[in-house]
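Assembling the complex is the task here: the two chains are given apart, and the hints tell you how they should meet.
These protein sequence lines map, in sequence, to chains A and B.
Residues 1 to 596 (my numbering) make up the first sequence, in order.
Residues 1001 to 1139 (my numbering) make up the second sequence, in order.
Rather than coming from a laboratory, the hints here were simulated on the basis of the structure.
Yeah, the Cβ is synthetic: ideal placement off N, Cα and C, and Gly gets one too.
Be aware that one or more of the hints could be misleading.
Which residues of chain B face chain A? A partial, calculated answer using Cβ under 7 Å [stated by the list, open to error]: (1) Tyr1053; (2) Arg1118; (3) Gly1123.
Here are some of the chain B residues that sit facing chain A, going by a computed Cβ distance under 10 Å [said to hold, decoys possible]: (4) Thr1037; (5) Lys1060; (6) Gly1061; (7) Val1062; (8) Tyr1086; (9) Tyr1087; (10) Lys1090; (11) Met1091; (12) Lys1099; (13) Ala1102; (14) Val1111; (15) Glu1116; (16) Cys1117; (17) Thr1119.
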Amino acid sequence: MSGPVAHDGTMADASIAVSEWPSPSTRALVQFVFLAALGALLFSFHGISLHLTPWSQAIVNAIVKYTYDATGQQKTLVVLFREENLATLKESFPISYARHAEVLEALAVYEPAAVFVDFAFIDQRAGQDVAPLREAICALQASGVAVYLAASPLPGKAGGDGLRDGLDRSCFTPVDVQMDTEIGASGVLTYRACQNIAASCEPAGLLWTPAFAMAAPQVGLARAEGQQMEIIWGNRVSTLNESWMDCTSDGTLMHLRQMLKENPLASKRKCPHTNTISVLHLLGRFDQKLKDQVVKGNTVFYGGSFEMAGDRVISPVFDDLPGVYLHAMAYDNLLTFRKDYKRAEQHGFSLSRVVNGLLLLFTIVLLLLVDKPPAFARRLLGRLGTVSPRVKWATLAVAVTCVALTAVTRTSVLAILLLVPLLLGVVAVLHLAATHPERRPSARQFLWSGFLGATILLGAILLFLGVDARYGIEAALLLVVLPGYFVYKALVARDVLFVATTVLLIGAAVVSFLPPINLGPRNIVAYVAFFELARTFMRRADAAARRYFTLRVEQPDPESWGVGAGILKTMDWIFALCIRGDDEEVIHEATARAVA
Amino acid sequence: MKRRLERWREAAVAAVVLAGATAGWTPGVSAQGTPGTEAFNIVGLRMSKVTLYRDCSMDKGVSLSREDLEKRKPWRATTDAKSAVYYWVKMDGGDYCVKAFAVETDRVVPVVKDEECRTRVAGHPPKTGAVRGVGESCN
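Next up, chain B with everything else stripped away, as it sits in the complex (with noise of 0.2 Å):
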């Protein structure tokens, strides 16, 4: 009686919990629910396996699997107002970035500008008399 009682009393803090974090993820009351951001579900990975970021840091990578977005899905997740090259999503309590390319997404991602706009390829670069990177830490 007393274990049936306690479990009872976890499964009622696992809710509890879980519904927190998924009202954590509902858009709008999202934690990086930053102007400009968007909310989506990622449904698919592009790659067998995709590195997340915490924090969206390059040596703390985490790879993730097929099988393991399966067990997430689905899986909430927000555009970066600053890149389009990263999307934010939660795990474990912290937040990673994953790569825009490497994920399916049930919807597609508005970019609001293409940050490459009225970019100019060919032209005439200012002619130097040295090489990028002679003379860095010389002392």
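For reference, chain A alone in the conformation it holds in the complex (with noise of 0.2 Å):
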């Protein structure tokens, strides 16, 4: 067995005992093992494994705004009892039982299917009759009208629920309202169905949570179906908000300034996706249009939002909300998706990670075989050139079927149907990466390429300012910078495999989230960034292994490297692991065949 190649295209000398260097096979397993073991490491653990870092979740956020259908939206209504409020109706902190009584009889008026009272009452309050709120509650109930009260998360609290006594259990349900925690910089992206998440919500004493309880009925859901949820934060323009909030976002060079100084979440929105009223709407006037257009049939989500109270969540896509937000995005997302409601990551081997774990897997294989693949592999994707034309049509229009199909039909397997293209794609990208290695740029090229990737720039700057100020800055995050970038790596940099690869990571993130597989969305950014710093890393490292050996030919003399020759020995071995391709038996091969 021959030594690696050198740098200037030799092969090391005969005296460095080349017949114990590792073999090529040998040197792509453990680079594949290694690269692995960086991906877990860096998934798994921290840095870009904060499940969505901004910048992705930037790109989420764009999508959602122009794909999440208005259904929830339009049956959903937060009603909230604002800080202000409480001096506008001579009320303090917390809210009287009467006052709550008085919004419940309000809402009754305008005959909502169901309330949510995000306000929990645990303790007795001195001076302060339950009965009106009590009475109100079940007045509520007996007008057709489904109740739902936050329970108690305080263990060892009597009732099962943990709310106080005097209320009538007959005429509400009580719901689990745990908040998961936040993930990284994106905010709380997952939503429990009950009070156990590590296991199944089929027992019948565990508390459903509201979005849960109130959505179940509607859309089929039964308690062994429910599985935390990776809640998708809707960002359609709410014209019922618009009309009395302060939407006014931080302008275009505000948004290129925070997004340059600390990333594209920096600048979230200011309106909630959610329809809102305030309790002083309610309370005034009787608004029929109200009634009929927001509030009539629909599910009402009754919070408050007050200083140094908690409660607060905060999002990926908008400032801190107030916490009742968050369930009712969640019923939102439920009414959307139904059945198909995008689940979260699960502890233990779940479907989500054997997701990523394809990801990764493909991710390595591919960093294996661009810019240098090793001759089994060329050989092995290779044949795929010579397979008939026929053939080769076949595959595409099977490939063009499927992803029309998936367009046009509503089905509960399009994840299914999209798998068929994107692994056609798979095996087309490898071909590609295994049998057109990089080719370097002539002088010319690079002239031409400096004056296109400035130009790119400037333009790219030019239209986001544009996009973003007549858009936001999610349109302009999608429809310039994304694109932007690929343009750059596609004309510039000429990295043909870094589009193709990302354009098959964004295949796979999507046909993740269709269902029946039924995930979140995925870190394509995270993978991307992996994919080049991984590539670079081993450009860096076979460029070391190649001038090592360079040296070792010069100075073959352990004496001259200062260590023994055991040492040098196992130098040889690792350094050579390093080495990526094998020229060497492509120079075997042109020698065999010169002697022949």
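Now the structure itself:
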């Protein structure tokens, strides 16, 4: 067996014990294991593993903005008791039972289908009679409205729901209101189905969360199907909210500054997606239009927004919102996606982890093939080039048909349909990577690329400002920054493999999002970043190893290295592992041909 | 004859009192005729029973049914210049407020300006190291 080739194209000197060096397949295997370990470390523990990095999340926000359906938004309303309403209504914090009763009475007039009260009535209050509240709850229920009350998360409270006595349990359903923790810069992205997130929600005694409790009968969701949800934070415009809220954004230049200084999530939306009115709107003059268009037959989430009272939710889309919006958004998701709501990561072995593992595996395999593919891969994937044109066209037709079917039909197996073209795409990209190694640009190309790069940068900045001013930062990211980077990589860097890989990763994310897989958005940016970082690292390692072997040829004596022969031998072995490709086999083949 | 005269006298007094009461509720001369208030009639209740609050004090509630309202129709009411949540009515010589959402009116009561205009719901409230209410009345 021969040794690796030196950077000048000559083989390492035979005086180096080449026979003990790792074979090309061993090198590929060790590199694979190393990259897999690196990927697992980065994705599982920290760094780019923070689920959705701000850039990835910003892209997801942009896609959601234009694709999220209005079904849930039209059927959901938040009634907010704001800090300023306390003074107007001569109230104090916590709000009196009588005032809550008044709000519930007003809601009864507007005839919603269901009401969730995001206030937990846990303690006895001196000097306050709970009777008006109890009667208002029961009257609301008697008028045909399903009432849900926030249960206490505190253990050891009597009655199972932890709520105070004096409330008539036959008039409402207690629900669990525990909030999941924030995930990195993205905020709260998951929503539990019931009290128990580790196991099934099937046991009847377990309280459901408000969104699941209210939506389950409508979407036909059984207890056994209740799994933790990955919330898609819708960001559609609400004309109702815009009619009374201040929704002005920070401005284009501020967006650009914040995006460059921090991240694209530094500037968030000011108005919630969920239709909202305040208690003053509700308690004021009766509004027939409001009843007909917003409240009647819909689900109301009655919550509060008070200073120094906690109960805020950090989302990837909006500035901090009152906690009640989390439940409203989860309910909105359930109405929008129904049983195909997006499932969150789960502990242990889960579909989500399998998909993440496959994406990582694909990225690693591609990393091993790009730039300097091993000979066995070139041989294996090169055979694809010999496939007859008929088979190629037939395969393309199948792929196009599958994509067309997913666009036209509404089926519960969309992901399966798209999986076919995705796998064909994977094979095509692997073939491309193995058979078309990178070419060095000519001098003319070098100058032209520089000019093109500067033009693309300038054009992207101008377009960003224009699109951001008119359609918002999400659109600017999706329509300018992302395509701009793609164009740069394709035309300036001439890195077609990067573009192809990214497109495939996006395709994989889409497939995993669709039913029946139903996972939340994947962190494509993290995979692409991993691909780029690992690729740079491998190039450097390859260059260092080739430099090392050049020096070894020039100075074969262990004494000139200042170490013993044994250590140098080990060093040879380690550096040989860093060599990419196996040019020596090609040279051997060429030599054999020449001899013949 | 004497009884008949007494009845006539009682009837005349009642007519004068009622006329005075009615005059007191005409727009422009209303006791609550503060600038910015609107007068209108309450013609129905949106709930079977509505609570009226004497002088708008929440602990002085009086229940009013649909039957009670029928006896008082047309029942004059005015808006509250300071709040859109209540309307003012006169009952048995006292001033009462009634929840605006709970009554039907003979015309759409105009809202001068939405009190919640230009509100920000999402934002970054100052982070504090205390919880509301803790430490109050500790002594």
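So which of those numbered hints doesn't the model satisfy?
Hint check: 1, 4, 5, 7, 10 and 11 fail, others pass.
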